[in-house]
Amino acid sequence: MIHFFCALPCEAKPLINHFKLKVDQTSDLFKIYITDDKRITLTICGIGKLNAASAAAYHCAHINPAKSDIWLNIGIAGHQDAELGHAYLANKITDSITQDTWYPQFIFKSPCKSLSLITLESPSNDYQASLFDMEASGFYSVASRIGTNELIHCFKVISDNATNDFKHLNAKQVARYIEQQIDTIESIINILQPYSNELIQISTPPDPFNKLVNQIHFTATEKIQLERLLIQWKVRLPEIKPDNVINLDMKAKAVLKTLANQLEASPLNFPMMRK
Amino acid sequence: MIGTIYIEEEISSHPRTLEILKRYQGATLIEINAYGEVFNRKSQNFRLQKHQPSLILAKKHKGYVLPTPKQYSLGAEYNYYFSHMLNCLYDCRYCFLQGMFQSAHYVLFVNYEDFISELKQTIAQHHKEPVHIFSGYDCDSLALDPLTNFTNSFLPFFEDEPNALLELRTKSTQARTLLKRKALSNCVVAFSFTPDKISQVLEHKVPSIKKRLNTMIELQKAGWQIGLRFDPLIYCDDYKELYKALFHDLFNKLDSSLIHSASLGSFRLPKPYFRKLEKLYPDDVLLTSPVEEEDKQIGYPANIRDNMLNFAADQITNYIPEQKFFPCHEMI
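From first to last, the protein sequence lines are chains E and X.
Heads up: the first sequence at position 166 corresponds to 165 in numbering that gives the first Met the number 0, and the numbers run straight through without jumps.
Heads up: the second sequence at position 255 corresponds to 254 in numbering that gives the first Met the number 0, and the numbers run straight through without jumps.
A couple of the hints might just be wrong.
[To be verified] Some chain E residues well away from chain X (every beta-carbon gap over 12 Å; in silico): (1) 39; (2) 123; (3) 166; (4) 189; (5) 214; (6) 239; (7) 246; (8) 250; (9) 266.
[What the hints assert, rightly or not] Quick list of in silico lysine to aspartate or glutamate cross-link-like pairs, DMTMM-like style, CA-CA up to 20 Å: (10) E/222 <-> X/291; (11) X/41 <-> E/99; (12) X/239 <-> E/263; (13) X/41 <-> E/197; (14) X/49 <-> E/197; (15) X/275 <-> E/197; (16) X/270 <-> E/197; (17) X/275 <-> E/226; (18) X/278 <-> E/221; (19) E/233 <-> X/283; (20) E/222 <-> X/277; (21) E/233 <-> X/277; (22) E/21 <-> E/185; (23) E/240 <-> X/283; (24) E/240 <-> X/282; (25) E/66 <-> X/277; (26) E/233 <-> X/236; (27) E/222 <-> X/282; (28) E/112 <-> X/18; (29) X/278 <-> E/197; (30) X/278 <-> E/226; (31) E/256 <-> X/30; (32) X/204 <-> X/137; (33) X/278 <-> E/99; (34) E/233 <-> X/282; (35) X/270 <-> X/292.
[Claimed, not checked] Output of the computed footprint for chain X on chain E, the stretches with three or more beta carbons under 8 Å from beta carbons of chain X: (36) 108 to 117; (37) 138 to 149.
Worth flagging that the hints you see were computed from the coordinates, not collected in a lab.
Don't be surprised by glycine CBs; every beta carbon is placed ideally from N, CA and C.
Construct all of the structure, not just a fragment, from the sequences and the given hints.
Given below as structure tokens:
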């Protein structure tokens with residue numbers, strides 16, 4: 000899944016339109032939007048790091064995201080001299096009050112440049128060579144407890160700088176800035192998706208794990224053993240279905256023993272796998 | 000290709016830092032206070048980072064030179080190791096680094112001068128007794144040599160320390176700097192091997208055996224002492240054929256009489272490292288091998304392990320005298 004977090008409705012609007020998101024009627028504390036196929040969500044968290052952290056935590060409880068999910072905080076930011084409308088990913092997030100830092104991980108060639116980012120308590124026109132925002136530290140501190148650093152990023156579009164300060168901003172302009180970067184946002188998702196898929200692939204138990212645990216009583220330890228054996232089976236006996244040797248009338252212990260015995264008798268040779 | 004470089008503020012103007020940054024002018028530079036704030040963060044994924052590790056330039060503050068585990072020896076009484084780097088260019092599925100570290104980024108400690116100073120003290124405290132110093136425990140000694148300038152920085156020191164023997168442990172063919180200089184009589188370039196079929200599956204990004212063997216031949220011709228390391232031995236049904244062919248290939252193509260030493264060990268990992276490996280690479284063929292827990296380590300059952308070690312020992316001692324053979328399979 001992909002989870003967007005925006006502070007303002009005007010930041011969210013272009014994403015809601017582009018990704019055809021619909022209001023999730025079951026969410027009451029924060030406004031959450033979701034696609035019909037439940038692949039993409041968007042949460043409007045409100046201004047400030049506390050709102051961002053609360054929204055990420057609420058979102059987690061409400062949606063139950065996986066470690067393999069992509070998290071993107073999308074919004075506007077100020078900068079000393081970066082050009083209005085240009086977009087950046089944050090490579091270092093510093094909370095201006097606590098001085099805590101987070102480092103989103105770049106395991107890919109980014110479609111836009113990256114900069115350090117400082118999350119402020121209130122708007123400031125004392126611009127620096129870092130991005131200024133008011134949500135990233137709150138968002139990242141919670142998201143990184145739930146997700147995987149490599150898949151959590153803050154994408155910021157420059158809305159104000161030393162020559163065009165934030166006082167002249169309006170909602171329409173903000174929406175336009177985000178809208179103009181939709182292609183870049185899509186690129187980032189396309190880049191991150193294979194990494195997300197890699198995590199999904201390694202965290203999904205092989206067949207017929209779910210069928211077995213739904214119909215036969217396995218203890219917690221036996222479930223771990225079953226998953227391990229089925230993974231080994233997939234690697235060593237890819238052409239034989241485990242269903243050929245086990246059935247749903249068996250007890251858990253018999254299932255485990257049968258799989259283990261078959262595996263022990265199977266060949267263990269390296270040419271069967273190629274990197 | 001390194002795209003991101005984290006730099007500890009304290010060493011941002013260290014000459015080695017500046018030298019390295021010159022090589023990576025297109026990289027994104029990110030200033031940090033201490034390398035642990037990037038390297039030790041829990042929510043990162045080692046497997047994903049292996050796709051494109053970043054470089055972290057840091058200062059080591061203590062523990063430059065450490066005693067090796069007891070069985071990790073080539074016959075000397077005093078054995079130490081040092082790690083100027085953490086993590087490796089290669090991606091060997093059996094490697095303990097992926098269980099030990101949260102991050103796959105390369106940490107390079109640029110304050111070589113502090114390592115050298117502690118190495119000098121360590122060697123001196125043994126008053127002319129032989130001291131063996133191992134490099135390549137937490138990284139590959141040579142793989143990133145063009146970036147780290149490691150050999151050019153440390154070999155001149157060992158040149159003046161005749162009581163010390165330096166082992167450079169590697170799987171790399173990066174031997175240009177060694178070949179450019181006069182061979183050191185107290186340095187062993189030790190290459191690790193598994194048979195080709197196993198290497199192709201488990202040793203990702205590692206040069207082929209043929210390429211490594213050619214490098215070893217060149218080094219041997221240039222007068223460098225060569226070590227052979229068969230650690231870990233990897234089990235499969237046809238391990239005897241595979242290892243027999245590997246030993247035959249290596250010992251016959253190299254000048255066996257000039258081989259400094261050979262050592263071996265069976266595949267094993269501390270239990271938490273093995274469990275982490277299972278989570279990172281659940282469907283890796285290595286993890287389908289028969290293993291069991293013994294003394295907080297997970298490795299092959301005793302019968303398989305002992306049969307493999309005995310078989311390999313018998314084979315190796317057909318090629319080199321026993322005094323050059325060091326089975327040190329309890330080293331992690």
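Now the hints, each set against the structure:
1. Against chain X, the non-interface label of residue 39 of chain E holds: every CB pair exceeds 12 Å, the least being about 21 Å.
2. Remark: the non-interface label on residue 123 of chain E is consistent with the geometry, its nearest Cβ contact in chain X lying 21 Å away (cut-off 12 Å).
3. Even its closest Cβ contact with chain X, about 31 Å, leaves residue 166 of chain E beyond 12 Å, as expected for a residue assigned away from the interface.
4. With a least beta-carbon separation of about 15 Å from chain X, residue 189 of chain E lies farther than 12 Å from that chain, consistent with its non-interface assignment.
5. Every CB of chain X is more than 12 Å from the CB of residue 214 of chain E (nearest about 23 Å), matching its label as outside the interface.
6. No beta-carbon of chain X is positioned within 12 Å of the beta-carbon of residue 239 of chain E; the least distance is around 14 Å.
7. For residue 246 of chain E, the shortest C-beta to C-beta distance to chain X comes to about 23 Å, beyond the 12 Å cut-off, and the non-interface label holds.
8. For residue 250 of chain E, the condition that its CB be more than 12 Å from all CB atoms of chain X holds, with the nearest at approximately 24 Å.
9. The beta carbon of residue 266 of chain E is not kept farther than 12 Å from every beta carbon of chain X, the shortest such distance being approximately 6 Å.
10. A threshold of 20 Å between alpha carbons decides the hint, and for residue 222 of chain E with residue 291 of chain X the separation of about 19 Å falls inside it, so the pair holds.
11. The hinted pair formed by residue 41 of chain X and residue 99 of chain E meets the criterion: a straight-line CA distance of about 15 Å does not exceed 20 Å.
12. Pair hint residue 239 of chain X plus residue 263 of chain E holds up; C-alpha atoms about 19 Å apart against a cutoff of 20 Å.
13. Of the supplied pair hints, the one linking residue 41 of chain X and residue 197 of chain E holds, its CA atoms being roughly 19 Å apart against a limit of 20 Å.
14. The straight-line distance between the Cα atoms of residue 49 of chain X and residue 197 of chain E is roughly 13 Å, inside the 20 Å bound, and the hint therefore holds.
15. Distance restraint check for residue 275 of chain X and residue 197 of chain E: the Cα-Cα separation of roughly 16 Å lies within the 20 Å cut-off, and the hinted pair is therefore satisfied.
16. Restraint check for residue 270 of chain X and residue 197 of chain E: the C-alpha separation of about 24 Å exceeds 20 Å, so the hint is violated.
17. Straight-line distance between C-alpha atoms of residue 275 of chain X and residue 226 of chain E comes to about 15 Å, which keeps the hinted pair within the 20 Å bound.
18. With a CA separation close to 17 Å, the supplied pair residue 278 of chain X and residue 221 of chain E stays within the 20 Å bound.
19. Note on residue 233 of chain E and residue 283 of chain X: the hinted pairing holds, with a Cα-Cα distance of about 10 Å set against a maximum of 20 Å.
20. The straight-line distance between the Cα atoms of residue 222 of chain E and residue 277 of chain X is roughly 15 Å, inside the 20 Å bound, and the hint therefore holds.
21. Between residue 233 of chain E and residue 277 of chain X the alpha-carbon distance is near 15 Å, which keeps this suggested pair within the 20 Å criterion.
22. Between residue 21 of chain E and residue 185 of chain E, the direct Cα distance comes to roughly 19 Å. Compliance with the 20 Å bound is thereby established for this hinted pair.
23. Between the alpha carbons of residue 240 of chain E and residue 283 of chain X the distance comes to roughly 19 Å, so the proposed pair stays at or under 20 Å and holds.
24. Pair hint residue 240 of chain E plus residue 282 of chain X holds up; C-alpha atoms about 16 Å apart against a cutoff of 20 Å.
25. As the CA atoms of residue 66 of chain E and residue 277 of chain X are separated by approximately 16 Å, the hinted pair is consistent with the 20 Å bound.
26. Between the alpha carbons of residue 233 of chain E and residue 236 of chain X the distance comes to roughly 18 Å, so the proposed pair stays at or under 20 Å and holds.
27. Of the supplied pair hints, the one linking residue 222 of chain E and residue 282 of chain X holds, its CA atoms being roughly 17 Å apart against a limit of 20 Å.
28. Simply put, residue 112 of chain E and residue 18 of chain X have alpha-carbon atoms about 24 Å apart, too far for the 20 Å limit, and the pair is violated.
29. Proximity of residue 278 of chain X to residue 197 of chain E is assessed by CA-CA distance (about 12 Å); at most 20 Å being required, the pair is judged to hold.
30. Between the alpha carbons of residue 278 of chain X and residue 226 of chain E the distance comes to roughly 12 Å, so the proposed pair stays at or under 20 Å and holds.
31. A C-alpha spacing of about 54 Å is found between residue 256 of chain E and residue 30 of chain X, which places the hinted pair above 20 Å, so the restraint is violated.
32. Restraint check: the Cα-Cα separation between residue 204 of chain X and residue 137 of chain X comes to about 17 Å, which is no more than 20 Å; the hinted pair holds.
33. Distance check on the hinted pair: residue 278 of chain X and residue 99 of chain E sit about 29 Å apart at the alpha-carbon level, beyond 20 Å; violated.
34. A threshold of 20 Å between alpha carbons decides the hint, and for residue 233 of chain E with residue 282 of chain X the separation of about 8 Å falls inside it, so the pair holds.
35. The straight-line distance between the Cα atoms of residue 270 of chain X and residue 292 of chain X is roughly 7 Å, inside the 20 Å bound, and the hint therefore holds.
36. Counting residues of the segment 108 to 117 of chain E whose CB lies closer than 8 Å to any CB of chain X gives 4, which reaches the minimum of 3, so the coverage claim holds.
37. Figure legend: the segment 138 to 149 of chain E, annotated as covered by chain X; annotation consistent (6 residues with Cβ-Cβ distances under 8 Å, at least 3 required).
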